[in-house]
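Undergrad: So the chains spell out like this:
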Amino acid sequence: MVEWTDSERTIINGIFANLNYEDIGAKALCRCLIVYPWTLRYFGAFGNLYNAEAIIANPMIAAHGTKILHGLDRALKNMDDIKNTYTTLSELHSEKLRVDPDNFRLLADCLSIVIAAEMGYEFTPEMQAAWQKFLSVVVSALGRQYH
Amino acid sequence: MTLSAKDKAAVKGFMSKMKSRSEEIGAETLSRMLVVYPQTKSYFAHWPDLAPGSAPVREHGVIFINGVYEAADKIDDLKNGLLTLSELHAFMLRVDPVNFKIFIHCMLVVLAMLFPEDFTPQVHLAVDKFLAQVALALAEKYR
Numbered sequence: 001m002v003e004w005t006d007s008e009r010t011i012i013n014g015i016f017a018n019l020n021y022e023d024i025g026a027k028a029l030c031r032c033l034i035v036y037p038w039t040l041r042y043f044g045a046f047g048n049l050y051n052a053e054a055i056i057a058n059p060m061i062a063a064h065g066t067k068i069l070h071g072l073d074r075a076l077k078n079m080d081d082i083k084n085t086y087t088t089l090s091e092l093h094s095e096k097l098r099v100d101p102d103n104f105r106l107l108a109d110c111l112s113i114v115i116a117a118e119m120g121y122e123f124t125p126e127m128q129a130a131w132q133k134f135l136s137v138v139v140s141a142l143g144r145q146y147h
Numbered sequence: 148m149t150l151s152a153k154d155k156a157a158v159k160g161f162m163s164k165m166k167s168r169s170e171e172i173g174a175e176t177l178s179r180m181l182v183v184y185p186q187t188k189s190y191f192a193h194w195p196d197l198a199p200g201s202a203p204v205r206e207h208g209v210i211f212i213n214g215v216y217e218a219a220d221k222i223d224d225l226k227n228g229l230l231t232l233s234e235l236h237a238f239m240l241r242v243d244p245v246n247f248k249i250f251i252h253c254m255l256v257v258l259a260m261l262f263p264e265d266f267t268p269q270v271h272l273a274v275d276k277f278l279a280q281v282a283l284a285l286a287e288k289y290r
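Residue numbers (my numbering), protein chains in the order written: chain A, 1 to 147; chain B, 148 to 290.
Worth double-checking, as some hints may not be accurate.
Unchecked claim - Partial selection, computed: residues in chain B whose CB lies under 8 Å from chain A: (1) Thr187; (2) His252; (3) Met260.
Unchecked claim - Quick look at which bits of chain A chain B covers, simulated, 3 or more residues with Cβ under 8 Å: (4) 31–37; (5) 106–113; (6) 117–129.
These aren't lab readings, by the way, just hints derived from the structure by calculation.
For each residue, glycine too, the CB sits at the ideal point set by N, CA and C.
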């Protein structure tokens, strides 16, 4: 089980409390698709993704980014058992979506960078540490059902 | 993942914006790395003060950033241009190359924080590609 300090819990809850899911979710997914273009392989049915401008303007991508970000809510509500919280989602990503689990890490990195852009200096090193710890636990949980 | 002419132009363009806040970028990147990835402190055990924003951290942050600018000047031949720096890291500092990625991530976070409008996904892509090439060039002499 992952140990969380009170400070870490406060930081992580604080980030979510002020999060604009539509804005940040869309930006994070777009950034991931642009910076790591091989991640586009999972989005063949999403329409025009031919260049950065098209990706940014694509409403299906924006909606999907929001959906992904809301997926983190369950980890927030179950911080003391993130591992089991994501069993079903992990199976989905492994068996049905067939997403290489390294992509979770790439998206997590982009999400951290988008949040840093949003918060500026408010995103202190301590906040970055807590936030990245949270994301790495989620990423690990999502990779657990891959065989 | 070679740098295209467009990548190089994007990198140089963004670097010129960075120059006005070099010290800040260097200090913040290094401070952040030492807090978020505490294992990196092992390379700086000889410093009296590893706290964010301390004098040794700020001074060394400038050294790091100047290294990045030097690399940008030699963007057309990083491998040869950074040979001396590679030898330094390989034979003297012996920094495990996994830390180059850690440093790069921290730098990208700081660039996003300080330049939220300019650090677009397209610029992020070019800078990330460039820094990955710099890391490769730095690791050149390791074995």
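Undergrad: With reference to the structure, classify each hint as holding or not holding.
TA: Verification of the hints:
1. For Thr187/B, the shortest C-beta to C-beta distance to chain A is roughly 12 Å, which exceeds 8 Å, and the interface hint is violated.
2. About 6 Å separates the beta-carbon of His252/B from the nearest beta-carbon of chain A, less than 8 Å, and the hint is met.
3. About 5 Å separates the beta-carbon of Met260/B from the nearest beta-carbon of chain A, less than 8 Å, and the hint is met.
4. Counting residues of the region 31–37 of chain A whose CB lies closer than 8 Å to any CB of chain B gives 3, so the stated coverage by that chain holds, three being the minimum.
5. With a threshold of 8 Å between beta carbons, the proposed coverage of the region 106–113 of chain A by chain B holds, since 3 of its residues qualify and at least three are required.
6. Using a Cβ-Cβ cut-off of 8 Å, 10 residues of the region 117–129 of chain A lie near chain B, which meets the minimum of three, so the contact claim holds.
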